[in-house]
Every structure is written in C-alpha cells, then in structure tokens.
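Once you have looked at the hints, place chains B, C and D with the ligands on chain A.
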Amino acid sequence: MSGLDNLYREVIMEHYKNPRNKGLVEDSTYKTFRIKNPSCGDDITIQSLVVDGIIKDCRQEGHGCSISMASASVLTEIMIGKTVAEALTVAENYLNMVSNKEYDEALDLEEAEVFSGVRQFPARVKCASIAWVAFKDTLK
Amino acid sequence: MSGLDNLYREVIMEHYKNPRNKGLVEDSTYKTFRIKNPSCGDDITIQSLVVDGIIKDCRQEGHGCSISMASASVLTEIMIGKTVAEALTVAENYLNMVSNKEYDEALDLEEAEVFSGVRQFPARVKCASIAWVAFKDTLK
Amino acid sequence: MMNNPWVNDFPQLKNGMIYFDTAATSLKPQAVIDMVDHYYKDLSANIHRGMYEAAVEATTLYEETRETVARFIQADSEEVIYTRGTTSGLNLVAFSYGLNQLKEGDEIIVSELEHHSSFLPWQAVAKKIGAVLKFVPLDEEGRITIAAFQSVLTERTKIVALTYVSNVMGFITPIQEIISLAHEVGAIVVVDAAQAIQHLDINVKELDCDFLAFSGHKMLGPTGIGILYGKAEHLKIMEPFEYGGDMNEDVEKDLSTWKQYPQKFEAGTMPIASVIGLKTAVEYIQNIGLETISDHIEKVHRYAIAQISQIRDVSIYNKSSETGIIAFNLENVPSHDAITFFAEHNIAIRAGQHCAKLICDWLGIHSCLRASIYLYNTYKDVDYFTQVIKQAVAYFKELGF
Amino acid sequence: MMNNPWVNDFPQLKNGMIYFDTAATSLKPQAVIDMVDHYYKDLSANIHRGMYEAAVEATTLYEETRETVARFIQADSEEVIYTRGTTSGLNLVAFSYGLNQLKEGDEIIVSELEHHSSFLPWQAVAKKIGAVLKFVPLDEEGRITIAAFQSVLTERTKIVALTYVSNVMGFITPIQEIISLAHEVGAIVVVDAAQAIQHLDINVKELDCDFLAFSGHKMLGPTGIGILYGKAEHLKIMEPFEYGGDMNEDVEKDLSTWKQYPQKFEAGTMPIASVIGLKTAVEYIQNIGLETISDHIEKVHRYAIAQISQIRDVSIYNKSSETGIIAFNLENVPSHDAITFFAEHNIAIRAGQHCAKLICDWLGIHSCLRASIYLYNTYKDVDYFTQVIKQAVAYFKELGF
Ligand SMILES: Cc1ncc(COP(=O)(O)O)c(C=O)c1O
Ligand SMILES: Cc1ncc(COP(=O)(O)O)c(C=O)c1O
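Line by line, the protein sequences give chains A, B, C and D. Residue numbers 1 to 140, in the numbering used here, belong to the letters of the first sequence in order. Residue numbers 1001 to 1140, in the numbering used here, belong to the letters of the second sequence in order. Residue numbers 2001 to 2401, in the numbering used here, belong to the letters of the third sequence in order. Residue numbers 3001 to 3401, in the numbering used here, belong to the letters of the fourth sequence in order.
One chain only, chain A, in its complex shape (with noise of 0.2 angstroms):
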C-alpha cells in the first residue's frame, strides 16, 4: 500500500477537499481553457489573468477525480505572482516529473512537489496533468 499512499499525499486530499481559487469570473481580461478529457469524465477550466507579465489571478472550476481537482488547486495557488516565464518554467517542469520524464530537481516545485508520486501510476499521470496542460493553455 506504500505506493497508493505515496499518491494519496495529505496536502492532497486536503486541497481535494478545500479547492483553492474555485470558480471562474465572467471578466474577459481573463484567458480561459477548458480540457476535457472524455474517457474519465474530467472536465477543467483554467483561468489566468496576466498584467504585465506577472500572473495576477489565476481561477479554477471543474469535476473529476482528486488528483485533478487537488492538482488545479495547487496549481493556481502557486502561480498567483509569478512572472509568465517563470509559470511556464514551472509548469514544464511539474508535467516532465509527473510523467517521469526528466526534470530540472534543483528548481522549487512548492507543494506541487507532493504530486511526485503519480510517477508510480502511469494511468493517473493525465489526472495530474490536465489543470497544467490547461494553464500553458491560457498563457498562448
């Protein structure tokens, strides 16, 4: 069971549970990106707003499993304040390590950090990936 709990993180469940940034503004400064991913029934929104190059606000609003949802919350808490450079250098970064691919272990992930365990659950790597895949999606 260590490798489900190594999935199940606390701070996971915890923003499972108390999503941060949820629900999305009707304001057009806004960029807004909505994946679905069908087979699983995932559905996720990501909205950024960007002045001057720094991510102002960044709004989340979905349904699927916990590992997508808690990974929107983490997401668009993180990014609240940093720069677009910075927020892509990140968000690669997360999507190499949860997907097992290489990724630079020196840079800070913050509390995106918890979701390294998805490493051991190819199936659950999408979970992890789609709010991210979304956000690069809104800063295009």
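Simulated from the structure, these hints should not be mistaken for laboratory data. Remember, it's a predicted structure, so these values are computed and weren't measured experimentally. Careful, some of the hints might be misleading.
Pair by pair, the computed Cβ-Cβ distance ranges are [what the hints assert, rightly or not]:
#1 A:Glu10 with C:Glu2141: 39 to 45 angstroms
#2 D:Gln3101 with C:Lys2319: 49 to 55 angstroms
#3 A:Leu107 with D:Ile3146: 52 to 58 angstroms
#4 C:Lys2319 with D:Ala3232: 44 to 50 angstroms
#5 C:Gln2101 with B:Thr1089: 39 to 45 angstroms
#6 C:Lys2253 with B:Gly1023: 24 to 30 angstroms
#7 D:Glu3064 with A:Glu105: 35 to 41 angstroms
#8 C:Glu2331 with D:Gly3186: 55 to 61 angstroms
Residues of chain D placed beyond 10 angstroms of chain A at every Cβ, according to the derived structure [said to hold, decoys possible]:
#9 Asn3003
#10 Thr3060
#11 His3183
#12 Asp3201
#13 Lys3253
#14 Leu3255
#15 Lys3259
#16 Glu3283
#17 Gly3364
#18 Asp3383
#19 Tyr3395
Don't be surprised by glycine CBs; every beta carbon is placed ideally from N, CA and C.
This is chains B, C and D with the ligands only, laid out in the frame that chain A set:
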C-alpha cells in the same frame, strides 16, 4: 509432376487450341452472361439459345487461362441439344466435381470429365468454373 | 463450488490477475492465440490471389471463417462482411446505407444507452442530411421498453439504431419485438451486438434485423476484426464504403464496377490473421455452448450482486442486469480514484464513461466503475473482489473522501 | 557467396518454400510473431482506459509504436494515424480531405501505375464532385517522369495521388521533385508508399508530402494495421472518417466534438495486437538498416535479371526495376497456367493483374507473373527459380502452348 499432367489433359489442350463455338452472335433471342475475374484477368461471356426448353445453341467468347478457355469450349459442345433441366443437372454436378464436393458419379459428364484433375488444384477451381457459372446464369 | 474448467485455457490468467474487464475486451484462449501464430509462422500469404500452398490454405481458412460466423448467427455467408470492428461496421451502415437512403426530415431512433460507436455515426449522418434523431425514453431502471419505443416510432422513422445489450447497464433490449414494429412502418433496424454476441444465441433470420455488428476482440477473438451482417437486399443496393484492391470487378480509367457483396465492402488486404483467429474463437464458444456460458455468468453475477450490494457506501446502478455487467461507484469516491485501488490489488475493472456518456448523463453521474463477468470468472474471484471493495471503501473513507 | 544472415529469423522459410511474394505480403520475423503473442498471452486489454498493469503496458506499447513509426519516417507522432492498411489510409484522405476540399472542375492527377487502392478512391471522389482525373503519361518504359508530370500539372490541379513505388513495375517515382512542383500550384500530394516503406529511407519532412500511406503486413509486420501520415495543417481541418468510441471529446445528444488528431481518426478499438507488432517490425528493419536491405535486394535482383533474361520465351516487362520486383510472362502461357507450375515447385510468386489493371492495359497484357525479392531471398533461391522457369517453359511448350 503427375498432378500437373492430370490437370493438363490432352483433351483440354485440344479444346484450348481449337475452341468450339467461339464468337458471340448479335441476336437478342440468345441469353448472354459475362463474368470477369479481375484478380486473374479471366473474362468470359456465354450465350445460350433456348427453344422449347431445349438448348439449340451455345456460344462462348473471352480470354483467360487454358483451363477456363477449354472448359468454356467443352461446355458449349456438351450443352447443345440438351434440355434445360438436363443441362442444369450436368452443370451442377460438374461444378461440384471440380470443387471437390459430392456429385453424382453415375451421371455422364461426357468430355467435361477431363476436368476432374482440377480437384487437386483448389486455386484453379475458379478457372474451371467460370464459364459454367455464366452458363447457368444464361438459363435463369 | 465447482472448479471453473475454462480458466486454464486462458494463459493471461496464469499471472494471478482477476479479470473483470471483458466488456472492454475479452481474454483470448490459447487455441485462438495458436491459430494467429499458425498464420504468421506457416501461412503468411496474401489471400485470394496466390496459388502456392500457404496462400491456398490461408484463403481456405479465411473463407471458412465466413461460413463459421454465418452459421453462428444463422446468416448466409455472403451476408457476412469483415470489418475492423463494431465501430467500422456501424459506420459502414451509416455512411453507405444511411447517407444515401435518408432525406431531410426522416427520423432515426437511437437511445441514451448507445455506445458512442452506435450513436455518433447517426448523429453525423443526421446532421449532414437534416434528419431527426429521436431518443427512446428509458424507463426508471434505464431500460428500453417496447412501449417506450412505440412512443417515438412514427411513419417518418427510417432507421432504428439500438444496442442489443448495453455496455454499461448490461440490459438486454427487447430487440425482436422492436424490429417487427419498426418493419411495420418500413424502418430498418441496425443492431449493435458488440455486447450481445458473446452472451446470446443470435439468429439473424429469426430476429429479422437488417444489420448487426460485433467485434472479435470482445468474443475471445483477435483485435482488428469485426463482423457486419447485412440483409442481402440492402447489401445489393449499397455503394462501397472504401475503394481499392480486391473489391472491384472491372477497372477502367473512367468507370469501374464492383464485385458482389460481401467482397465489394472489403477493400484492400483484410486483417487476415485476425479473421482466421476469429474462426477459432467462434468454435471455442460453440464447443462450450452459449447456454452454458450464460448460465455460468448468471450464477457468478447473481453471487456477486448478493455480496456487493451488502457493502455500505457502494451504489450499484444496474442490479437487475442480465449479462454480468456491474456498474457501480464507491460513494463520494471519483471512479478514477477508486480504480487505482483495484489496479493495485491486481483486479482489472474499468472506470470512466465507457464510451457511453449519454447514459452517465442519464444516471446523473460523471463516471462509474464497471466490472464485467465472463466465462473465466469464478466465485473465488468474486470473493476476493468483494473483500477488496470493502478495503477500498475503508481506505478512501479514512483518507477523507 | 555469403550466407543470408536473416533467413533464420523467418520461421515460415523453415518448410522449404521459396518466397518471392513479398510485394503481396511479407513474411514475419519471429520477433514480430512473439510480440503479437505477448499481447494476446499477457496483455490482452483494451487501451487508454484501463488502470491495471496489463492495460497500462498495452497502452504504453501502443503509443510507443506511434513514436517508433514517427521516427522511422521523421514525422511528428501526432501526424501518425493508425489505419487498417494502405487502402483505408488512402480512402480516409480521399473522403475526409478530398470530398470536402475539392469542387467541380478541379483536377486530380493520378497514373496508370497506381494500385487500385490509390486510384479507385479518387475515381469515386471525382465522380461525386465532378472533378477531373488526369493521368501522367508514362514514358516508354512505363515510368512517371518529371517532364510528363509537368505536362498534366495545371493551376486547376488540387490533388496529386501517386505511387512511390509501383507494385507491378517496381519503378521509383521521382516523388520529391513532383511534390515541389505540385506545391507550386497549390496542389497537395498523396503518396502511396505501400511498396516504398520497406525499401526506401523515407523522410516525410524532407519529401514535404502532404499524406503518405503504407501497410504493416508488407513490411514484416502484422496484418490489419497500416499508417497514414498527414501534415498537421491538413489533419487539423479534416472531419473524422469514422465516428465512435475514443475519438470524441464531448458527446451531447445534439452535438459532439472530437479529440485532436490523430485520435479523431481512430474510432473504436484499434487493432491493438497488430499495432504493437508493427513496432517490432519497424525496429527489426531499423536494426538491419534500410541501406543494407536495399543493397541486398539490389544484388539479388541484378543476379536474377541476369539469369532470367537469358531464358528464351520469357518476357520481362521491367528489367530496370529498382526494387526487386520482376514482372514477366512465359510466352504464350497465360499467367494462371504458369503459376500452377511454380506452386507445384514450392515457389511462391503471383499471377494476375496485381490490383493494377491499368498498367496491364498499358502493357497490353491481360495479366502477368510477378516475383518480388526481399531481405530473406538468396542467390540460391534465384538459381532454383531460374531452373524452374526453364522447366516451365519446356513443359508448357511440350503441352502445346
Ligand atoms: C502500391 C500499393 N498500394 C496499395 C496497396 C494496398 O495495400 P493494402 O492491401 O495493404 O491496403 C498495395 C498492396 O496491395 C500496393 O502494392
Ligand atoms: C455496446 C458496444 N458497441 C460498440 C462498441 C465498439 O466496439 P469496437 O471498439 O470493437 O469497435 C463497444 C465496445 O467498445 C460496445 O461495448
């Protein structure tokens, strides 16, 4: 080589080189049926003239391998003069013989008997059948 | 409790996995694997056009498969078309028959129980033509009933496209009665038998269905092969769906002509190894007998329902399923969280929408777990499964779900 | 003369058959057979939606195949679509791209060298739309030349659908130059690579082709799987060809949306075992190297031509073929008579029109024999073949042909 010699019997070669009843007639009282086998390039047309239930004439035309050409030639020779019912019985039995199914061995297939060697060559059954199938269709 | 005499025929069960995912794809008996192997090792040869021994044997097996399948469903062998699978077969009907026969305002009856492969082709055709999709209202259990079907059947109904057995609910559609009602108004009926063929004795002549499609890989056969049955009178008038080698009679620069059905629908090199393997799969099923198979499934299924429905915090959506499919959720646990627990315990079940989103919508859920029971499942499998479900419920509860 | 180091990899050669029929379908190396077996024995599981180990491994192998194939032809992996074979791939282009992009009067360039699978889909599309089919005039040998291509290329040309290597003549089309000329007038180029992929190092980015299709079974891989490469910019705008499970993003009763390419073109359960086997086939070819393979074929082919062209009463139609295909006839002997003689001598060659009737028409013959040389053929095979041809000539002459 005995198998091959069994296939290329003298009678067959004789019909191949001197085809009987070759050439179609332009006469709408004849029933005409054409079959093409696109994978081997066989192309055979059979014509029958039936008067009062008796096959008065039978013509053939086309191109293909020696077996298909000879069997068309033998067909026309055998069928002329037969009643439609007799003709169908002979054709049915011939087709069963070449495809190695059960057939009435007591029935006289006349010269068509020489095609019995085809049974050993499943891939040539179509060659030996094509004219006879077309013939049956002219009687429909 | 008796020992399951078939388990040993399935090499994949040797590694201790508990396989409850037959509705996605079935395991393959050794005999089928051997047949595919035989083709690749000894017969690798393209069919219909070779004269050498391997080509002749391959061609013979290939055409014998058609006859075997035809006898299995009581069709004539010319009415049996090889396809890539159920999906391809249903698309063939929608685009080669539907698109050419329907006109604006015509009605197509489907249901929310349809697998996407039975629904989306008709949605696409309806959109192209301006035809109208109508849904059979499901009863409170989620079933298609005859009365509900009658409530949407009209003189404008031209196509009825329904699943024989739902891949989520496992319910059997009263298809025979539906077919005869549909024919009364001149509609044709396309039956998705992907989940029926491995459970029910299907006689297409008696059903009088117009088309019926299924997949080899869900009936103990290889991947990449499916069957489309079509009534001769329809196949005769249909245009080919794909054009290419082997389906034509004559090719000229300006005009070509096609072979008779079924060949006119089989363009290019077909999945020969899979076709041949399907023959063995059908024979394997026939040797055991569909009645024996469904008896076994029914017993194990009843046992499973009795056990699982006693577990608190588990919702089963289809307790009365006739075909060994159990759709369920652990309360408050998204199915993708739950499934990982089962995978860790070497149990193969499935989570998600099962390519049938409309029935999830109807159930008011985002997704669910699906366990499907087949021939090679045992009471012991169910006991272990029950125990793991209990553990899962406890585990996720403790995590705070 | 060196021993052929690859013969032993091919179990089918163990029974003494001389296999000169690779252009129809290739033999399979043991490694490919083992991979297919591995799937059926250990991994039988539907992909993309399972969490258990077998499903995860099957999914991984399935997607790795896409990457392996992508690297093999220098494509991006999203541009690699799994199909049932070349025929299906070319139909997909004709009906999903062609039918929607062409309008009346547009011109489609094809040639008499086309396999029916590369010609008939476009003939059908042209007929539906009122587009015009134009044929590249072949040179005296039967080749497509750049000058001849230019003579039919106009501002109205929208599609160029040509074979890379002819399956009867074995000639290599100067496709790279043709592609760049076609692009100058804004036409797109669909390459039939069914006979090229196992001989030539193909770099789709360098070729700059718009679509390129080939089959697994002709390149040492399983039956029932093919690849369609398409440029991202085209795939993006194309409608799906088949609709069903796994290719949709959202399904609602009234409207559905599709996944990105390549998934939007892969409806329903794909031929998983064959996909996975294709990976091994590509790797087998890569390990040996296409250059080594074509060197070997060229040597054996040159040797064969030298031998066979000395036999009286044999006509060879393509002495200068670059790819090991020999199209020939025994004088006055219909090819179907001749072939039986070779089959009796355990030589696998092919007779007929080879799904390429237009080139038979062009050659002025009804049909011909075709021997195709590949990796596993040896000089000894050629010696035996030569001897049997001589015997055949004598045999049929004596019979009176
Ligand atoms: C040049 C060419 N194109 C297309 C095809 C069709 O390939 P398949 O039958 O695998 O679909 C073939 C092989 O038959 C071929 O040789
Ligand atoms: C009811 C039903 N219809 C259609 C399909 C599609 O079958 P395939 O994916 O083999 O084409 C399936 C299986 O996925 C199914 O369960």
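**Item:** Given as non-interface: D:Lys3259, partner chain A, CB spacing beyond 10 angstroms
**Value:** violated, 8 angstroms
**Prompt:** Would D:Asn3003 pass as off the interface with chain A, using Cβ distances and a cut of 10 angstroms?
**Reply:** Its Cβ never comes within 10 angstroms of chain A, the nearest being 43 angstroms, so this holds.
**Prompt:** Any Cβ of chain A at or closer than 10 angstroms to D:Thr3060, or is the non-interface label fine?
**Reply:** Incorrect as stated: the minimum Cβ-Cβ distance to chain A is 7 angstroms, not above 10 angstroms.
**Item:** Interface exclusion of D:Glu3283 relative to chain A, criterion Cβ beyond 10 angstroms
**Value:** Holds: least Cβ distance 22 angstroms, greater than 10 angstroms.
**Request:** Can you let me know if the beta-carbon spacing of C:Lys2319 and D:Ala3232 is within 44 to 50 angstroms?
**Result:** holds, 48 angstroms
**Item:** Non-interface claim for D:His3183 versus chain A (Cβ beyond 10 angstroms)
**Value:** Fine: 29 angstroms to the nearest Cβ keeps D:His3183 off the interface.
**Prompt:** Given a hinted range of 24 to 30 angstroms, is it respected by the beta-carbon distance of C:Lys2253 and B:Gly1023?
**Reply:** Distance hint for C:Lys2253, B:Gly1023 holds at roughly 28 angstroms.
**Message:** So D:Lys3253 supposedly isn't at the interface. Is its beta-carbon more than 10 angstroms from every beta-carbon in chain A?
**Reply:** Its Cβ never comes within 10 angstroms of chain A, the nearest being 15 angstroms, so this holds.
**Request:** Go ahead and decide if the range 35 to 41 angstroms is satisfied by the Cβ distance of D:Glu3064 to A:Glu105.
**Result:** This hint is violated: roughly 25 angstroms between Cβ atoms.
**Request:** Take the C-beta atom of C:Gln2101 and the C-beta atom of B:Thr1089, compute their distance, and say whether it sits inside 39 to 45 angstroms.
**Result:** For C:Gln2101 and B:Thr1089 the Cβ distance comes to about 41 angstroms; the hint holds.
**Message:** Looking only at beta-carbon atoms, does the pair C:Glu2331, D:Gly3186 fall within the given range of 55 to 61 angstroms?
**Reply:** Holds, at about 60 angstroms.
**Prompt:** Does the claim that D:Asp3201 lies outside the interface with chain A hold up, using a Cβ gap greater than 10 angstroms?
**Reply:** Given a closest Cβ separation of 29 angstroms, the condition holds.
Violated hints, listed in ascending order, are 7, 10, 15; each of the other numbered hints is respected by the structure.
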